[in-house]
Each structure stands twice: as C-alpha cells, then as structure tokens.
Amino acid sequence: MKILNVLVRIETLKTVKRRAFWVAVGVFAAINTSVAVDNVRTARRFPDFSHALPESWPRVLSGLTSPAGFFIAVLIILLVAPEFSWRTGRQNVIDGLSKERLYAGKVMLLAGLVALFVATVLLIGIGGILFSPSEGGPEIIRSTDFSYLAGLTLNLLFFGSAGLMLATLIRSAGPAMGVLFLYFLVEGAIVGLIERAGETATRITEYFPVNISDDLGDDLALYPEVLASVNADRAERGLAPLEFLDVEVLVAAVLAYSTIFLLISFLSMRRRDL
Amino acid sequence: MPIIETRELTKRYGTRPEKSVLAVDRVSFAVEEGQVFGFLGPNGSGKTTTIGMLVGIINPTGGSFRLFGASDAKGLLAARSRVGATLETPNFYPYMRGRDNLRVAAAIKGVGRSRIEECLELVGLADRARHRFSTYSLGMKQRLALAATMLSDPELIILDEPANGLDPQGMREIREIIRILAGRGKTIFLSSHLLWEVERTCTHVAIVRRGRIVAQGTVDEVVSEGTSALLRAEDEDALAAALEDCPEVTSVRRTDDGIIVGLRGGDLAGVNGYLVGKGIHLSYLAPHRQSLEEVFIDLTRGDFESMTEIAS
Ligand SMILES: Nc1ncnc2c1ncn2[C@@H]1O[C@H](COP(=O)(O)OP(=O)(O)OP(=O)(O)O)[C@@H](O)[C@H]1O
Ligand SMILES: [Mg+2]
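Line by line, the protein sequences are chains H and E. With this note's numbering applied, the first sequence has no gaps in its numbers, which climb one by one up to 274 at the end. With this note's numbering applied, the second sequence has no gaps in its numbers, which climb one by one up to 312 at the end.
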C-alpha cells in the first residue's frame, strides 16, 4: 500500500510540473468546450435539434472518440519516453524503485490520464447540456450509454497502452510519435489495399488494431436503434447495410490488444538495461 | 560481512559475438564497512557498467554479487534502500526545480521534507533550490546529485566520477564532503580516472583495465606492488635502449628526472650489473616509490598507447 502511495506521489509531481501536460489537457478541453458551445447554440436556434439527456449521450461522449485516443497516446509518449532520454527512470531505480515498480507507476499514470480525459469530457458535455433549452427524457442515462462510455474508456486505455509500448520500446519521444503516426498511415493503406481484394479479406481487416478500436468507439456499433435508422436510410439509397462485429467481440479484441501492448512494454522494461 | 561483494561479475553488451562488447570481465572484489574504495580505470574500462549492475539498472550476464549480504531480488531491493548512488551524469527532470527533483527522490526513499533542506544546505544549493534544474551549471548539477544520494543518510554511498567537470575548488569540496562522510563511518565506493583524487581520498583501490581488475588492495599495497628504480646516466638514449632488453625490467619510462623502470623482484644490483656489461655507467641509481599514478599508467599502459596511436 505504501508503495502505491509513493508511485502516485512521484508520478503526479512529475506530471503536473510538466508544461506539455497542461498544454495537451488545455487543448483537449478547449476542443470539447467549443463542441459543447456549438451544440447548445444549435439547440437554441433550432427547436428541432434536441440537446438533452439521455438522447444526447452519444453526442456528449463523442468527445472521447478517435482524437482523444490519439491525444492520450501522444501524451503518454511525451511523459514516459523522456524518463529514458533524461535517464531519470534510471535514477528512480537507483534511488530504490525497482524497474517493475517504475513500470507500475507508468501504468497508473495511464489510468490517471484516461480518468482525467473521461472526467473532462463528462464535465464539459454535461455542463453544456445544463444551458440547453431542450427537454430531456425521464431517465438520465440508459444502459446503452453506459456501454458506450465503457467502450470509449477501453479505447482510451488501448491507445494509451500503445503509447506506453512505443515509449518503452523506442525510448525517445520524437521517434516514438513518428512510429505512431506512421502506423496509422500504414494500417490505413493496408486496409485500403486488402479491401479491394474482396469480401473474406475485408473480414480480416476488421480485426486490425486501429480499425477495431474505431468500431468500438463508433456509436453505430453500440446503439442498435441508430444503426437501424442509418441502414434504413442506406437501403433507400440502394446502399448495402453497415455491419459491425458483436460488441463482445470488439471488447475482447481491444482488451487483448491492450494486454499484449502492456505485456510487451513490461517485458522490455524488465529485460533491457536502463 | 562485506558491504559489497562481487564474484566473477561479468557484463557483455549485445548478443551477436562479432558486435558484442565485453565491458566487465569476471570482476571479483569486496568492500568492507568503513572503507573508502576507489575504483580506478581509464575511459571505457567498465567502471560505470560495474556500478550499474550493483545498483540494479544493468543486468549482469555472468557472475554474482551481494549487497549487505543480499543477492536475491527482494533482498537487493531492501539493501538498496541503504545505498545512495549516482551514475555517470546527474540525472534529473530538467523542467523541475532543484527542490522538486529532490522531492521525487525523497518520496522514493521515504524521507521527509526537512531532510531535503538539510541536504540542500550541506551541498550549498539552498539558495538556488527554487530554480529549474535545466538552468544549473554542471557543478551545481553535481552537487544536487550529491544531495540526492545523501537524502536517506545511506550507509553505503556510491559515486561515479563525482569530480567530473568540477573546478579545483569544487573538487576540493567534494573531497571534503567525502572525508566527512567517511569520518561518520560511511562506506564509500568511488569510481574515478583521476589518480590523485583516489590517492588522496581512498583507503582501498582496485585498478581496472578493459573490464578486468589488474590490481587491488589498500592504496599502500597497490603502490608497493610495483617496485621500481630511478636511473640516470650521461647518455640517456643509450640507457633507455639497453633497459628495453634487460630481463629484470618490466617497464621503462623517461621523465625529466631520469628513467624510471619497473623491476621484477626488485633486484637493483642485477640491473646495474647488466648495464655495466653493456658498457653503460650509471650516475644515479636508487629505489623509487611509485605514485599511484605511475602504477596506474604501468598497469594500463596498452590503453594509453593505443590512444596516442589514434591521436597521431
Ligand atoms: N549500453 C551499452 N551498449 C554497448 N556497449 C556499452 C554500453 N555501455 C557501455 N558500453 C561499452 O562498455 C565498455 C565500458 O563502458 P563503461 O561506461 O562501463 O566504462 P567507464 O569505465 O565507466 O568509462 P568512463 O571513464 O569513460 O566513464 C565500453 O567499451 C563501452 O563502449
Ligand atoms: Mg563511466
């Protein structure tokens, strides 16, 4: 227990003193605020546009979709990789932390950042709704909203663990971010190529890390009624219906990827010299 | 029980044989309580690597070591709370103030705030502690590192080239601090390539060369191991040439004072007889007590020669 306390204290101290951290959180909060303000404005101007709970949960939670994951990954890289280039992680170990504990501190940092991002989005999103004139439903939150929130949180963990893995493997912030960007491009390109190859090949690309986490962050995958209305619309226009893997499969796959990333970074941390 | 004990400790960097570097090669030594132990070696001889293994940031590839008698992971972690160490350069968060950097170290070591101030005071950094680490001069960085190692009032202090980059005044202060700590009964393990630093501050010394220990013992023992003599003659070139072939002589070094030779068995008369046989008459012959520096240079000669080759 005492060691958890120590880890929380040192990781907090390292983080809050870092300007890059406040810049990233500030930018993220600003983006969310501007979206929230926009939603409220639209609701005031157009009475048809309902901005109230629970219907607006997907809109509120959309603050946690893809750019948020990217933010987390970049932020984790910025906070973890310099521990190697400054050799401060090395000094932490010399001072009496084991490599395993140093690593545990970073996983806690990851969890903390995710919690912070989720809290920021909820606070700003719900705060915005308080200013909206729309009438809400009887319940504030539905079970599908919970699932969506859980899915998005899992997604952030996924991106964070990818960032942690790159930071511990590459040990330098710039190149680690480069690889992160590059991976996005490469996966996109490969998916594009394979999709041309046909139906069965496309099935495989659904399981690619970024693709599958995108799906888990897609409200269409979690709100059947939304998917139904979108597909009805597509049918009218003569388009094939959209299909998603079962949510259970998405969750299992994203969890598996995150676990693998964390495991790789843990083993690298343990086996390599600091 | 020795405070530090290594047995055939070995580190090879890299796995591919053609590219790997044998940085530490079956090194065995023991540091007893209260010793000021100097680990002396030229650049690249494996000092930092050896210390890195002791403090747990470098995984040994062979051999073993004990700290305060402990050798398993759990015991070592506990033993390390009795150690204060810095490795190579002072490693701190550049964006944080000196004091906040010590707060991180203090949290890990489980030390309170008042101790941070004491240590800052001790190294003379109290009035700069609110400035960011990145604004410190090298000497100030070294002092902060020294303050960090002393936070938990450790029984064993390990310093890797503590005088690196310091001016003469700074070096004297470091020596003074080491003397005070030794006076309080602390065990100190100190690596250096500065001989006079080791000679002045250490009670014991191990000389390393290319990852191997080539001499160890008390400073006096190591110095007297190399018996040598100072020789002068009218024609020093001829003398030097003759000495190179003399079977009694292990090393020949020309100085302003004359020629200093390392002797096998300390047989001065034998050398004299040999030289007379070559037609060289000495104007001066006397036993010579080598300084640690001379022992060091004799023992690590190959490295310096290759360095000058590269330079020329
Ligand atoms: N991470 C590493 N990877 C590969 N080789 C390394 C690594 N660290 C050190 N070495 C090599 O190991 C040898 C010993 O290095 P080490 O840093 O231990 O020497 P040192 O005695 O501390 O030298 P100095 O006096 O210059 O600090 C050198 O040949 C060095 O090139
Ligand atoms: Mg070194």
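Calculated directly from the structure, the hints in this document are not laboratory data. These figures come from a predicted structure and were not determined experimentally. Even for Gly, the Cβ is constructed at its ideal location relative to N, Cα and C. Among the hints, a few may not be true.
[What the hints assert, rightly or not] Keeping only pairs whose Cα atoms sit at most 27 Å apart, straight-line, the calculated DSSO-like set for lysine-lysine is:
| hint | chain 1 | residue 1 | chain 2 | residue 2 |
| --- | --- | --- | --- | --- |
| 1 | H | Lys17 | E | Lys74 |
| 2 | H | Lys2 | H | Lys17 |
| 3 | H | Lys2 | E | Lys74 |
[What the hints assert, rightly or not] Short derived list, chain E residues pointing at chain H, Cβ under 10 Å:
| hint | residue |
| --- | --- |
| 4 | Ser28 |
| 5 | Tyr93 |
| 6 | Tyr284 |
| 7 | Ala286 |
| 8 | Pro287 |
[Stated by the list, open to error] Listed next, with one range per pair, are the computed distances between beta-carbon atoms:
| hint | chain 1 | residue 1 | chain 2 | residue 2 | range |
| --- | --- | --- | --- | --- | --- |
| 9 | E | Gly112 | H | Ser85 | 44 to 54 Å |
| 10 | H | Ala30 | E | Arg26 | 52 to 62 Å |
| 11 | H | Val27 | E | Gly112 | 32 to 42 Å |
Each hint tested on the structure:
1. Taking the CA atoms of lysine 17 of chain H and lysine 74 of chain E, the gap is near 32 Å; set against the 27 Å cutoff, the hint is violated.
2. Restraint check for lysine 2 of chain H and lysine 17 of chain H: the C-alpha separation of about 23 Å stays at or below 27 Å, so the hint holds.
3. Restraint check: the Cα-Cα separation between lysine 2 of chain H and lysine 74 of chain E comes to about 16 Å, which is no more than 27 Å; the hinted pair holds.
4. Proximity of serine 28 of chain E to chain H is violated relative to the hint, the smallest CB-CB distance being about 21 Å (cut-off 10 Å).
5. At about 6 Å, the closest approach between the beta carbon of tyrosine 93 of chain E and any beta carbon in chain H falls short of 10 Å, and the interface hint on this residue holds.
6. A distance limit of 10 Å between C-beta atoms decides the matter here; for tyrosine 284 of chain E the minimum to chain H is near 52 Å, and the interface restraint is violated.
7. This hint is violated: alanine 286 of chain E has a C-beta 48 Å from the nearest C-beta of chain H, more than the 10 Å allowed.
8. Using the Cβ-Cβ criterion of 10 Å, the hint placing proline 287 of chain E at the interface with chain H is not satisfied: the shortest such distance is roughly 45 Å.
9. At roughly 31 Å, the beta carbons of glycine 112 of chain E and serine 85 of chain H sit outside the given window of 44 to 54 Å.
10. Restraint check, alanine 30 of chain H to arginine 26 of chain E: a C-beta distance of roughly 60 Å satisfies the suggested window 52 to 62 Å.
11. The hint said 32 to 42 Å for the Cβ distance between valine 27 of chain H and glycine 112 of chain E, and at roughly 37 Å that hint holds.
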